[in-house]
Amino acid sequence: MKKQTVDSRPAGPKPWYDPRIRSIFFQFIAIALVFWGGWTLVDNTLSNMESRGISTGFGFLDETAGFGIIMSLVPYDATMTYGRTFLVGLMNTLLVSAMGIVAATILGFIIGVARLSSNWLVAKLALVYIEVIRNIPLLLQIFFWYFAVLGSLPSPRQSVEVADSFFLNNRGLYLPEPMPQEGFGLVWGAVIAAIVVVIGLRAWAKKRQLATGQIFPTFKVGVAILVILPTVGYLAAGAPLEWEFPALKGFNFGGGITIIPELAALWIALSLYTASFIAEIVRSGILSVSKGQTEAAKALGIPNSLTLRLVVIPQAMRVIIPPLTSQYLNLTKNSSLATAIGYPDLVAVFMGTTLNQTGQAVEVVAITMAVYLTISLAISLFMNIYNRAAAIKER
Amino acid sequence: MAEPMLKPPKSAISPITWVRQNLFSGWYNTLLTLVVGYLLVIGVGPVFSWLFFDATFLGSGPSDCTGTGACWLFISERLNFFIYGFYPDDLQWRVDVMFGLLALSFVPQFIERFPGRKWFGLFGLTGLPVVGYFLVPGGNFGLEVVESSKWGGLMLTLILAYIGILASLPIGIVLALGRRSEMPIIRGICVVFIEVWRAVPLITVLFMASVMLPLFLPDGMNFEKLMRALIGITLWQSAYMAEVIRGGLQAIPRGQYEAADALGLGYWKKTGLIILPQALKMVIPGIVNTFISLFKDTTLVLIIGLFDILGTVQSTITDPAWQNVAIEGYVFVAFCFWVFCFGISRYSQNLERKLDTGHRT
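As you go down the protein sequences, you meet chains L and H in turn.
Counting from 1, one number per residue, gives the positions in the first sequence under full-length UniProt numbering.
Counting from 1, one number per residue, gives the positions in the second sequence under full-length UniProt numbering.
Bound-form chain H, shown alone (with noise of 0.2 angstroms):
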């Protein structure tokens, strides 16, 4: 029988001497600790008195507003328009559904032990997106149609987000497949794309989806203003897809190539069965980091006019009915985007740690 593992001998370090050799280790450090306590005191102090203490939480409507404190009335009286946008009240539950269903294919990917967490994932790349497709828009099944000008708010950000990164992902694969292809014409072309949507911003690719693709397409034929800022997204965020994917097949040694070659497998069979797998197991942090940095850039859309969660803060906090309410709806939507970005970050971190088996290259 083996011995059982010791633990690590608990640190001798007594709070005094923690304190003393982290806070005010010599004349420098304390006085920079004292320094930086003194302004942390007088800035933190109002701060948390304007966001907890002095703030009015309850009450009816603009005029329970009369403290000093922030007006959190404010966010929970528009909360509804916040998360649905213009989505009618009483179809409401179709987004919860999605919202239910997404929450149910994700958390668990946060609990280690989960049983079967794996095919909640799966369901939340494959199946969700399709139940979304029926679920939100209506118009099958006797469900009464949302025009997608009426869609807002959170959800219009959750949407354009997930859709962008599950759509560009397999572009993404194909134009890092391209790139280190040795047919020098196929990935001069897909070096072409990559570096031209890398080099412009997300802002003049909305623009060019909402002003100039209606140029493109042919009589007859147009899309409605989500839809063509979900075509703009995807072809931009396709570009750093490929990078990040390219990333992985780059980590991939020689010797898998080279042995798949010595089996006998053609490129396809290569690629899909030795290559891939492993390279997108790989990146799998990085895809997590590309959709956080997406997931932030999407409140870009509201330039071109859609209402996603900081267009309708920001259109309501203009509202004559409400004084001076413009810092709590930002804290509002900051706090909703930190909670996510931060989690998921953690999430990444997390994952790459365990990911990293030390034996690359």
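Bound conformation, chain L alone (with noise of 0.2 angstroms):
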């Protein structure tokens, strides 16, 4: 057979008509558009900082500070070098960032929890708290918990104090350290093998109900191993465990754990204001679960506690999970409002005194936002890793 060949379509476009060669066109403009505003940038900046004899490149990050910072989790002081101060800011966002998500998921489950609640009362009070709260802005809650509340707090001298080792003043919140002595790696071992025999134990009552349909109180029992195992290698190893006591001297007190103002305030306004957020999440992701789930269940006998846990709450969690990622990106992001209390974060640290001493801003400023882009990308990879698996599983 022989095959046709004639071409039945008119003569193709005109090139300058033809999808495809335009499309390269525009991206190639595209492309030079981006080149020639990036190189004028470049350089600009590298001319306008020639006059202004700002140095250039990242030595800088081995050179002394010489200035102190409040409060740090890693050894820190002023001879150390501007490397050390990133880590030291870095450790800050990253630890009042991790309490505040703690907090605020708990404190928003419960409120948009309460808000659907039955109790007319209840509801309504959580109502109000969501609308004045996230109405008002995270930086004026952070200025009133910081200088009106903690700020109006006593003075050392007249701290208030609980039980002779909990003292609370302007200057901050003292608690008693526990300075774990020899034999305390007993109690850390048992800790483990705690953690190991519960993973265990599920997954033999998981098996054992996948089987028999006998369902093993695993959560009771677990709890029990958790405390039970760490406290016999507690008393095993004769109580290896001593506590410093914050004290009085002179003008502060000294020994012991402080949280600073500072990190209290912005730990309150930033759990406070995103729970308000994360209760109207929750809320939505409850309601979404259709009432027919819920029928279904109770038809099918199940009591209704069990319907809350195993058919409400995991679908719920399909719904609340993506923007939930978002809520607790935006609280990290948010962290970074510390600088106008003088909480030392990554970006008053870094940003602001070492900026200020280095004169570097393009440095200093690229590694603070690489620092908030890592971060973001970190906690929303964690979070669709989680999202997938908890995802409906078609088949």
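Hints are computed from structural coordinates only; laboratory data are not their basis.
Among the hints, erroneous ones may be present.
Said to hold, decoys possible - Restraint-style ranges between C-beta atoms, simulated for each label pair:
# : chain 1 : residue 1 : chain 2 : residue 2 : range
1 : L       : Ile302    : H       : Pro277    : 47 to 57 angstroms
2 : H       : Leu265    : L       : Gln357    : 50 to 60 angstroms
3 : L       : Ala389    : H       : Val191    : 18 to 28 angstroms
4 : L       : Val128    : H       : Glu352    : 20 to 30 angstroms
5 : H       : Arg187    : L       : Ile225    : 45 to 55 angstroms
C-beta atoms are modelled at their ideal positions from N, C-alpha and C, and glycine is treated no differently.
Take the two lone chains and join them into the complex the hints point to.
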């Protein structure tokens, strides 16, 4: 059979009407514009920095910082390098973000459930909380807690004290610090052993339930193991833990753990603010589970407490997780407001003091932005993995 | 003639039954109501007496605030500063005109049957910025120049939020279209731009705008602090705006694109006449919500040294003439923001309900 090679289409379009050629042309222009813009910026920046005598490069990270930081999780003093200040700031940012995420999640879930309570008073109270808190700027709330509430606490000499070991004053909250003595390793060993046992128990219980249908009280037994094993280890090692108590020395307290008011104010404000958003997410998530699901569970004879845990919450989580992720991201980004009250987070320490001292704006800003970009990507990656695990498994 | 629709029967629940059902059903609920109610009574009482009953409203100076309640005198005495910043007293009518025009443009939007409210809104989006551009800074038509360093208070907050939203809208549209483009390089550029801005906190953007922008610009070209903040806010906001608009673009059914193609419309005609009008209408609530969050975020400019409403209050409460007026100041600012944000969010929810025609995808 002869192949017909006659092209019945009219002659092809003119090159400048061909979508593919146009597309290549426009993309070429876009690249050219981006490169031109970038080059102009770099060129301007270099000549500006030269004329102002600003040095370039990342060598400044090894220079001595020479300023103190009021709070650091890693050992730090003024003789250390700018690189170290970066680490201190980063740790402080991560600390307040993690604390905020935990508190905001707990509070948000409680308020979100309270919003759906059958008790009118509780539901309305939750509504008022949500509508008031989320419509007031976060910075204002931070100021309120820091200057108005914590600022009006008594001075160290008139501290509020509980049992001679907890002190609260306008310099912070002082707690006794646990000091592990020799032999404390046994307790850590017991904790790890308990976790392993509980994981094994869970796997066994699940297997048994699939095989026989009998439900094992995994949660209660697991908690019991987690409490008992470390306690036994602690006593077996001869109670190797001492407490260092804070005490008034001169004008201020020494010893123990200090929660500085900056951290407390930031933490409270971030948690309360984000909780109001999480509460709305939780509410809409729970409402998104159709009533038929609860009714079907009832028809199957599943008790109410199990219905919530096995039917409603797993399905609600699917709706809740994606917006919850973006709230966690927002909280982490909002923790940068620390700089307004002097909590030494990444922005305050690195983009504030370090930038002012070295003048190397481009490098410092680039590093800071890269850190936030990494944190954002990491949280979304982690949550995406969880989301995939929780998503509907369609066959 | 159709039968007049009957109203649903009035609920037959008496107040006592309602109370029993909603507050005292079962021992658990009763206990909860009693505990929460008790806490509410002992908590709210002192707050109310501090706010109103024990508060000082009238007087002539700090010495009149002797009571145990709030000192609202502080607010009323410094109100001028909180609203206009350092804007000269005799020129404040210019700002008042802008406030009036702003109200005229947007208050009708809340009233369903206001005649021609669309035109008022359109004026707010196009004419108002032009009028403001000439009126607020002055310099033309024989108006005295008022430098931007003298602007402050509520006026500055509104300027930042309003220009931020208005300027980020077109950039956001372009970015959203770019992200949906079929050209991989253009899509890539837009994705990177959007994701980078969305990942960094506004405060770093403001720092960057105030510290790095002068380095980026060629010699002899420089902006005032306010302008730099506005550039930073606009770039940052446009990334969020792009994502909101992309949501609208994605909600347009494929058939609309295909129908436009079938009619032989080119890309710009298809986008401008078919897709964008529908998409933008759909995302109005989203845009309003972004506006609310931007409005709250404008308070951050006080960190780079601009005096927005929170900045003016923050700088005044440390005034030694007034003792312990921090809470009054914060409550005042919180109230201002709350009224704006709550009102606008209610409007947006209303709009959402009205625009939701129920046949998307």
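* To do: Enumerate the violated hints, using their earlier numbering and listing them in ascending order.
  => none
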